[in-house]
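**Student:** Residue strings, one per chain:
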Amino acid sequence: MDDAGFRDYIGSRLDRLRRTAFLMCGDWHTADDVVSTAVLKVYQDWRRISRMEHLDAYVRRAVVNAWLDERRRPWRRERSVPELPPRAHPADDHSVHDRIAILEHLDALPARRRAVIVLRFYCDLSVEETAQVLDCSPGTVKSQTARALDTLRASMVDVPDLVSEG
Amino acid sequence: MGLTDELRSAVESPPPQGFDLEDLIQRGRTRRNRSRALLGVAGFVAVAMVTAGAYAAITALRPAGHAVQHAAATPTAAKITPKTTATESAVDATADRLTAALASLPTSLHIPSDAQFYYHAGDGGTLPYYNVHWQVNGVMAYIDISDEPMPDPHENACGPGSRGDPTYGCTHTIDSDGITYTVSNARTATTQRSTTVDAFRPDHTHVMITATGIGRAQIPSEDALTSAAHNAGLSLHP
Chain A
1 MDDAGFRDYI GSRLDRLRRT AFLMCGDWHT ADDVVSTAVL KVYQDWRRIS RMEHLDAYVR
61 RAVVNAWLDE RRRPWRRERS VPELPPRAHP ADDHSVHDRI AILEHLDALP ARRRAVIVLR
121 FYCDLSVEET AQVLDCSPGT VKSQTARALD TLRASMVDVP DLVSEG
Chain B
1 MGLTDELRSA VESPPPQGFD LEDLIQRGRT RRNRSRALLG VAGFVAVAMV TAGAYAAITA
61 LRPAGHAVQH AAATPTAAKI TPKTTATESA VDATADRLTA ALASLPTSLH IPSDAQFYYH
121 AGDGGTLPYY NVHWQVNGVM AYIDISDEPM PDPHENACGP GSRGDPTYGC THTIDSDGIT
181 YTVSNARTAT TQRSTTVDAF RPDHTHVMIT ATGIGRAQIP SEDALTSAAH NAGLSLHP
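For the protein sequence lines, the chains are A and B, in the order given.
Be aware that the first sequence starts at 1, since it is given in my numbering, and climbs by one per residue.
Be aware that the second sequence starts at 1, since it is given in my numbering, and climbs by one per residue.
Because the hints were derived from the structure by calculation, they are not lab data.
Mixed in with the good hints, there may be bad ones.
[As the list claims (entries may be wrong)] Below, a list of computed lysine to aspartate or glutamate pairs in the EDC-like style, where the Cα atoms sit at most 20 Å apart:
| # | chain 1 | residue 1 | chain 2 | residue 2 |
| --- | --- | --- | --- | --- |
| 1 | A | 142 | A | 124 |
| 2 | A | 41 | B | 20 |
| 3 | A | 41 | B | 23 |
| 4 | A | 142 | A | 158 |
| 5 | A | 142 | A | 128 |
| 6 | A | 41 | A | 3 |
| 7 | A | 41 | B | 22 |
| 8 | A | 41 | A | 53 |
| 9 | A | 142 | A | 129 |
Work out the full structure, taking the sequences as your base and the hints as a guide.
**Tutor:** Structure follows, in structure tokens:
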């Protein structure tokens, strides 16, 4: 078992995976739960998947599926911690307000549309790459994107105009 | 600020990672070694029984309800592979029985005729469980069934100490059906409605049913989901 290869691959992507999971989950505790579940699954499948052409898509799909599984247990998300973990940098009031606002807008989206927005506009994936992660057609990604952007636009979020996607 | 900039801004300054990668690798190794040991022992037992001429004993291990095959008397006529274990046969039989019980659940759940329970060995620290899921008319639904004792009836996860999602209503019921939590935002949500019924039954069967409606889709009522969660056919210990 190529643990060194797994360590190198996941170690270099862990931060990005956590941030992606946070945008889907809305809180860092759940994001860490989701990512650790996904990482464990990827480790168990590593021998089979390590030479896959679209390994990044596989790993992102593991994160999305772990998050969708987690969503099925909304009341299990509660966790007790003795104190909140420290933040790396202090945040000013304005930036905290903006962060909360976009997270609330994301939270109002159905799960799949939220995932589409995060994958396309944070992870910067193409329509085809997003379809691969979500195991659906590019057409579904386009329609889910359009509906999600309509919802965000109605909430005064500055969203791109994707007329060219049709 | 555009959407992409807002998303990037939202993930600035993350807190320290809440898990250790080396711990996960070690858990993965332990789980893998445990699975290999289980298959190895079961395989040895299966082969040893055939070698000793105990074919009749092997067919007796089939769970009740399976037809006993009347094969040739000589052990060499039995086709047993090391991976066909009594445990795996019992799991398959339970999955089949639970699948058959789906037909007796409320019709408002709109369970497709080809819906089927599958066994999950459990990962990421979760218990093994049986799962079926489907999506009809914009409603996604899941049923998870696992073997778990009832929680302490004096504890109430809906109570003031709970840190669950405040947008969801929560009820905690104790009666002859066991301990049941119902968590739902169906009465107040406008874009996505979700109800979960979490039933801990006296026979150590834990049934959790979740229905989520996308957009205007109507999800089954709490009564329908509760009736399903308490259905005798979904017991792991009939």
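**Student:** Looking back at the hints listed earlier, which ones does the structure fail to meet?
**Tutor:** Per hint list: zero violations.
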